[in-house]
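Spelled out from the first residue to the last, the chains are:
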Amino acid sequence: MTDGDAILRVRDLTVHFDTGTRDAEGKPRVVHAVDGVSFDIRRGSTLGIIGESGCGKSTTALAAMRLVAGARGRIDLGGVDLGGLEGEALRRQRHRFQIIFQDPYSSLNPRQRVGSLIRTPMALQDQGTPETRDRRVDELLDLVGLRPETRHLFPHQFSGGQRQRIGIARALATNPDLIVCDEPVSALDVAIQAQILNLMKDLQAELGLTYLFISHDMGVIGYMCHEVAVMYLGVFVETGDTRAILAAPAHPYTRALLSAIPRVDPVNRSLMAATRLSGDPPSPVNPAPGCRFAARCPHAVDRCRTERPALRPVTLGGMERSVACHFAGEI
Amino acid sequence: MTEPLLAVENLCVDFATRSGPVRVLNDVSFTLAPGETLGIVGESGCGKSMTSLAVMGLVPRPNGRIASGRILFRGEDLVRAPARRMRQIRGAAISMIFQEPMTSLNPIFTVGRQIAEAIRLHEDVSKAEVRNRVVDVLGRVGIPDPARRADEYPHQLSGGMRQRVMIAMALVCRPQILIADEPTTALDVTVQAQILDLILRLQQEENTAVILISHDMGVISQVSDRVMVMYAGRAIEKGPCRDVVEASAHPYTRGLIACIPDIDRTERMAESDRLPTIPGIVPDLRALGETCAFAPRCALADAACEAWKVAPIRLDDAHVAACRKAARGIVA
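Protein chains in written order, with my numbering: chain A, 37 to 367; chain B, 629 to 960.
Some hints here could point you the wrong way.
To be verified - Label-pair restraints from in silico Cβ distances: (1) 244/A with 942/B: 51 to 59 angstroms; (2) 142/A with 927/B: 32 to 40 angstroms; (3) 927/B with 148/A: 33 to 41 angstroms; (4) 58/A with 716/B: 48 to 56 angstroms; (5) 709/B with 142/A: 39 to 47 angstroms; (6) 148/A with 672/B: 21 to 29 angstroms; (7) 193/A with 663/B: 41 to 49 angstroms; (8) 58/A with 833/B: 39 to 47 angstroms.
Read the hints as simulated data drawn from the structure, not as lab findings. In this text, a Cβ means the ideal position worked out from N, Cα and C, and glycines have one as well.
Based on the sequences and whatever the hints tell you, model everything.
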């Protein structure tokens, strides 16, 4: 996933959290939340990161936005190395990357009116004058499908879907180059989810937005993302064109994830015949050497338990993607 | 068809609010046969969880009350059953698995003790026998090393393991009806598949009837024999799973299925294509009357729909939809 036209280039992003405790052998217990993740996002496209809870997908996104203390790695946003910036210099860059949060209830200050919520990022970044900011608030509300008069209301006067529209308007306020969407529709009912996903796609087409899209839902990823990275226990196990991976998943984990999705199909009840993973993902504390998925993988051999596979190009079903598996393409 | 195990008839539940009573369940009827799986699907606030709470005799008091209707369990009306009788039934003949395996277990007791409580409340058995059954049921729900796990506390178990404990607790008295209210919503998809598989396997072993409540049409379509779709407190479509999902008669059911970003369908979509949506949002329950609550959002609604008093329209022996146009074939 390297591209000359990339707006965001992330290299070897690593986030380790020291638990402050020690294991039986006296070694510090360290959570390997993100372990050497690299990716590029093309301008105007959407990269999805999918994985199960605790796999590190949100931490990856937050670290790429410099919102995680102690993260290491290079984060190049349009030629500026965010990883090397601190304090005021970093704050000055923040208008270029914004975030849409998962929970439209807790991510909007209940005491702030909608107009003020959307105006605040512009004011903090010294963009425009008070008059132009007010005009921009009206424009943004219109853009996300809310009436400009609603700027005088408080968040509790809106439904969940409308609140997420407010969250999107706020993320758009400073004209960012990149928007990180952290499970933006997981808290919404499916009918409202479709409305918000369509809005985000329309805005991308209209404004040329670039999204880093975090989700646990393969259906949502399939609809929203041009490219996808499948994450397991702190590492990317398969990355590439979304359609290629959905059509012919190469990593055993991607396959298991896809087969576990309950399809809307009352006749072909594939869920009950699925190649099922047993157990839960293992702990990310001091993970064993070798492939992170080896303990649950039906194909694992000794080599998998000792030698960590790197991402490498694999062609399957006539389509290329990168896979971190010693036996990708053969199994 | 055999005598239904459970027959809910014209159930209405009201809630008192500052602005007067609100009808949260309106004229809901369904039956459940032994060994059958009924899927109840709908969006937040449609009444699917309230339906299950009503069957369990757990409508929150004092604000909520069953205004009318009957809940017949093997012929006995649970709406009129005294509290003592409900305590005998609840957790024994009819038991329930809740959505949140994190908050539904008591953090200060071992899981074994919590399962044992269910046995001791309903049966007069020795301590050793209780222990045997606890370990046995934990093994049956797929918990490795059950004798050791029985002595652990909820925080020592993963989310999937906790949900298995909840299932063990619900099944330990061999219920005739198991109500599973969003049993996998808090879980990852790979664990969800394990848990659904487990529920269905145990159901087959014991011929238990299951009511599965979910917002996820995928889950519902994969496991249900029959499906009931709810909207704004009413059952708007009922029928065999295949009919409801593949030949939906109510426009809301069709809209609910169409707006799911299904990977098989999105694969064929062009970049400029958009998901079909249902315009607007669910109505305020306080503002509803006897007419179709979906009409304001319905692409097919006309003036006559807004005046039509909602009634179930029978399409065939088993398939019913509360849509005026369903009977005339306009919908299909």
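Here's how the hints hold up against the structure:
1. 244/A with 942/B: 51 to 59 angstroms: holds, 53 angstroms
2. 142/A with 927/B: 32 to 40 angstroms: holds, 35 angstroms
3. 927/B with 148/A: 33 to 41 angstroms: holds, 37 angstroms
4. 58/A with 716/B: 48 to 56 angstroms: Distance hint for residue 58/A, residue 716/B holds at roughly 52 angstroms.
5. 709/B with 142/A: 39 to 47 angstroms: holds, 41 angstroms
6. 148/A with 672/B: 21 to 29 angstroms: holds, 25 angstroms
7. 193/A with 663/B: 41 to 49 angstroms: holds, 48 angstroms
8. 58/A with 833/B: 39 to 47 angstroms: For residue 833/B against residue 58/A, whose Cβ atoms are near 45 angstroms apart, the range 39 to 47 angstroms holds.
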